[in-house]
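K.L.:
Please model the entire structure based on the sequences and the hints provided.
There are 4 protein chains.
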Amino acid sequence: MSGNTFGSLFRVTTFGESHGEMVGAVIDGCPAGLAIDLELIQNEMDRRRPGQSKITTQRNEADRVQVLSGLFEGKSTGAPITLAIRNQDQRSQDYDYIADAFRPSHADYTYEQKYGRRDHRGGGRSSARETAARVLAGGVAKCFLAAQGILVRAFVSQVGAIRMDSNFRKFDLNLTDENIVRCPDSGAAEKMISLIEKVQADGDTVGGVVTGVIMGCPAGLGEPVFDKFHADLGKAMLSINAVKGFEYGSGFSGVALRGSEHNDLFENVNGKIQTVTNHSGGVQGGITNGMPIEFRVAFKPVATHLKQQTSVNRQGESVEIKGRGRHDPCVVPRAVPIVEAMAAMTLMDHVLRNRSSKYE
Amino acid sequence: MSGNTFGSLFRVTTFGESHGEMVGAVIDGCPAGLAIDLELIQNEMDRRRPGQSKITTQRNEADRVQVLSGLFEGKSTGAPITLAIRNQDQRSQDYDYIADAFRPSHADYTYEQKYGRRDHRGGGRSSARETAARVLAGGVAKCFLAAQGILVRAFVSQVGAIRMDSNFRKFDLNLTDENIVRCPDSGAAEKMISLIEKVQADGDTVGGVVTGVIMGCPAGLGEPVFDKFHADLGKAMLSINAVKGFEYGSGFSGVALRGSEHNDLFENVNGKIQTVTNHSGGVQGGITNGMPIEFRVAFKPVATHLKQQTSVNRQGESVEIKGRGRHDPCVVPRAVPIVEAMAAMTLMDHVLRNRSSKYE
Amino acid sequence: MSGNTFGSLFRVTTFGESHGEMVGAVIDGCPAGLAIDLELIQNEMDRRRPGQSKITTQRNEADRVQVLSGLFEGKSTGAPITLAIRNQDQRSQDYDYIADAFRPSHADYTYEQKYGRRDHRGGGRSSARETAARVLAGGVAKCFLAAQGILVRAFVSQVGAIRMDSNFRKFDLNLTDENIVRCPDSGAAEKMISLIEKVQADGDTVGGVVTGVIMGCPAGLGEPVFDKFHADLGKAMLSINAVKGFEYGSGFSGVALRGSEHNDLFENVNGKIQTVTNHSGGVQGGITNGMPIEFRVAFKPVATHLKQQTSVNRQGESVEIKGRGRHDPCVVPRAVPIVEAMAAMTLMDHVLRNRSSKYE
Amino acid sequence: MSGNTFGSLFRVTTFGESHGEMVGAVIDGCPAGLAIDLELIQNEMDRRRPGQSKITTQRNEADRVQVLSGLFEGKSTGAPITLAIRNQDQRSQDYDYIADAFRPSHADYTYEQKYGRRDHRGGGRSSARETAARVLAGGVAKCFLAAQGILVRAFVSQVGAIRMDSNFRKFDLNLTDENIVRCPDSGAAEKMISLIEKVQADGDTVGGVVTGVIMGCPAGLGEPVFDKFHADLGKAMLSINAVKGFEYGSGFSGVALRGSEHNDLFENVNGKIQTVTNHSGGVQGGITNGMPIEFRVAFKPVATHLKQQTSVNRQGESVEIKGRGRHDPCVVPRAVPIVEAMAAMTLMDHVLRNRSSKYE
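Residue numbers (the working numbering), protein chains in the order written: chain H, 80 to 439; chain U, 80 to 439; chain X, 80 to 439; chain C, 80 to 439.
One or more hints might be untrue.
Said to hold, decoys possible - Label-pair ranges, simulated between beta-carbon atoms:
id	chain 1	residue 1	chain 2	residue 2	range
1	H	GLY350	U	SER245	46 to 54 Å
2	C	GLU276	X	TYR176	42 to 50 Å
3	U	ARG434	C	GLN145	27 to 35 Å
4	X	GLU118	C	ASP244	51 to 59 Å
5	X	MET294	C	ALA178	28 to 36 Å
6	C	ILE259	H	GLN167	17 to 25 Å
7	C	ASN122	X	GLY266	49 to 57 Å
Claimed, not checked - Negatives, chain C to chain X, calculated, CB over 12 Å:
id	residue
8	HIS98
9	PHE151
10	PHE250
As the list claims (entries may be wrong) - SDA-like cross-link-like pairs, simulated, lysine to any residue; straight-line CA separation at most 25 Å:
id	chain 1	residue 1	chain 2	residue 2
11	C	LYS437	X	GLY395
12	X	LYS437	C	ALA180
13	H	LYS386	H	GLU276
14	U	LYS133	U	LEU252
15	U	LYS270	H	SER339
16	X	LYS154	U	ARG196
Quick caveat, the hints were computed from the structure, so don't treat them as lab data. Just so you know, these numbers come straight off a predicted model, no measurement behind them. We put the CB at the ideal spot given by N, CA and C, even for glycine.
P.N.:
See below:
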């Protein structure tokens, strides 16, 4: 149980480290006969790609999607689908300085403690490059969900202390990618971009929040005890590099409300049962209720910055470390497609799981 | 994959609904030869029990722990350990009014959508009584962890808008149970109790936050990709009834920091490598680093209050609902042992998983 | 992964040892709304029960089925169904002689090696009594399958060297329970009974073969690589106490045939595609083809006999052992319902798994 | 749960079909720090390779092992190890004749029933080429086991009706590969080869039996209920293409013995507890006892022969089919490394699982 597989029925196993041959995903459990839109998947990869704008890292990774198995005449066959990208533009020597030293707030020390060794080149398996495999698999899930009218959307709602308008419903989420920070509130987006540029000029980094919304999701998804829909979704998000928190619906702010304020009253609107408010964030008792699923994901400031830091090495000696290589000053713009990918995988898994909920 | 099992190697399967025969847990994967302290487990059950104080529900459930299998001469044998409590003091007729109607922000509607039916008595499987089984299993995990010097502690850090001092390290966590709200900051505790009493007098409910701390945990636990330690811990917490959010270390507030402020610098203190700050909350790259693991869990205000609410019934007709039965005005004091139980289960599972991390 | 759970979607976790409180099964993943026929399940328990005839062990275990969770108004609710029987008529002192010594060809020595200890009373978890939990769970699966017209039948086809007519198709399998050895070939049955009586008189035991047939199974069940239908079925059978071999279709005897003899030619009989012969035993490429599934399970002679044997004890000293207690001279008549139960569980699991095979 | 993953802690996920880009395995759960001998793995691949002798199919697949991820400086890192081979020498047009027709005793019909479609080229995922991925993963397991002195050996013990001497212990298993049929009894080997040549000349095929022996295995492996060692081993073997039966120890022939003959008496030989006989085949109560593990695997005659056969097509019409392409007249010589690979994977998985059996 080394944790490289995600999902129960829609099972995604990722492999590959930063400076190996390939990074990829074996996607098992995709029902046969699904049309796989490779252009859609390539487009998601391009959204995640480094170097796409002035505020993201300038590594140049072409990241062309390769199909290693599982497709026949453009459709899934029931066999595992393997998608991968080759590693390129690697500068392993950029990482020689950490072969022996532990970068603060990275996984260097903990890998060493766990495994007794580590592939230090580019962070090895702990590299953000591993998330490329998630986007590949999430793309397959998006094909599945889109065909059923389920839309998975994410956007940047906070960078540093700058927050977009809390009522995101008044913005058109289709415009998220219109600016490089991927915030649909264009006024806030400008401020966020300025902040990131300032932080970058300082050789520093800053955190942010990605908000996710799932629309068109049917009621009934999720398992009511340990595998509550929001518990699996939360785990999916928390498994993304640099994530520090997850909340859905009213989240941490709902704590201060009274039950009589917080409860979402049911109403029948033209034959459709829905709720007047959505503090539940689309999930009640761990099961989706047909309302939009809304959640927020906190990303810490990236650990690699260009300022000098003190640390220790494998021998326990004090060392000075100064970040090198090419890194993002703020991870959230590129995290948007990753959040969407993990949400799509979680959702598709629960759609399949729910096929066994009733006898008939 | 109906989600009634938690864990990979330390696997806990819970069963039972509010008004059935028993609620219990089959605890599989406990190594043989562990002394199981049934008094400790009974004590945890008593901490979770309704009716223990004036601010908790007055149902009288004796909740005596019964051993159905797996122990021999006071120790685990390698066979599954089954612990259970009998259901008693049930007033099924208290729930007749919801056989047909959907209570707002409960699982009534979503169960009906998922399963096409539901056992409405006492909420059935969605009842908070299900958490008793978690406390039973968590008790076994606590026996395992205690023998290795690992301490799992939780306490109430917020009720409604009242927060305890954010620096919890200055309080003695051994005093948590000294007051009925289970907050180690006695000043804040008094205010919290007053608030709960006021809310209760209003027939209303209020939310809260439980903070968890794990001390004495070795470095190296957690799997670095999907099963990051904090991802599994987060899922564990989010699977508890009424939880809306989870964060660890700096959490959502860390978002606003710069990387140069947020990074936890390593230092060698008398041969032990540790970090100067602990924004990482004891976990880096998904793997524990030997520092205290710190996390916060948001609980919404309980959905059952005594005020009149509008809703719909199975026929889609508008109905009026008024809470009956005996319920907690605020769930967090009784949630403390449940948070500890889930944390202990997660931790024990990862201790066992880590036994395969190295070849030698 | 202690292996007390069987199945992927229809997941059965068994618990309990010979001389504990209860033996039972938590049955997870049963779709909601299935009518559970408790009489059918009790009847299966009675077929497995010791003491049902002169050729089975004379222990008197009433084995009344108890429902601990998961049923509401006679139907499954989607929650885990827990069924159990209480342990009774235990004579723990019958087993004192093996607290220290290892019975030949039992699990005494291997448990001790694995766990460093064992509950020796009645064989503990290795007792054949564990199979009662399988019959409980198998009963639920039989309810599910029967509603879809799938019949699971098993019968004794060999005892010692006495085999029934190899063409079992000419016998009425509904008559299997008409004789105490459960062989539908009444001529062979008589000889088998005589043999068992003779062996019993000698204080000895003898092995046998149980043949299983599944009729009415749709094509398409089974997963084509590791979880081939017959691989999961084989594992299910091999997991039953005392089983030494499994074959399906032509099995070991098919080895000697040529491909041109062995191949099952397809034909279209009134719009239904079937095969002329059934050397495949109803499974091709690991997936059912709609023909009857046929398999054979070899049971060794029970290890407990009443003759004196040499062995060693925990100290490695030579000891003399003589079987005591009440045991079956031949296990196969009572194994028939167990074989059926495991086959039913395997089948139901694959019916549910197959719900995700196609996109539409 | 599409069944492309094998194992609990040592988890192998295979991917790839006959005429896709690659066939490979993601090997998860290999402890860090294990030296991986790529030459050993290549050698195993060469043993499985088609065209290695006159009695195997003449397809020319170079099958060079490629490392896609998980190794660093020749050792495992704890990250998933991905090994693959490229597909070459494909003649997809050789399979056009079965795009529409169902070959007897192949998986054509059942895939179509399960998935509603199939990749017919070279049998797609049902191709024997899938077993190459198993040999890759088995090679990693062999590296692990060899370092602990555990030897996994398999050999051909029967072809058609020709059996080698039943007492295989008098032959040197190191000589297995000395002849092309891989039978250590050179006299029997000659007859087997003659038989295969004759069958091949007839355009026909014939079945066989592979015997496996595991030496140096410690006592204590295997889980005592559903995941008995021999149950998992049996499933592993039954999951190999063309396998029809599995037995261990005395197997089907043990049925005819009396308990007093069949029991393996314990003895203390110079401080080592062992058994006088080994009818148990090294496994008692599902747990290894330290004696050699012995098992037999039945392979049916390959379904593809060159004689004319009748069948039906997708439209249900009668068709004539005549095998084309290059195929083995008898699969067992090439099955030897596959049997070893599956045994090694099963064993390594249980070695890791057993690390959690005891508390201390």
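K.L.:
Any of the earlier hints contradicted here, and which numbers?
P.N.:
Violated hints: 2, 6; rest satisfied.
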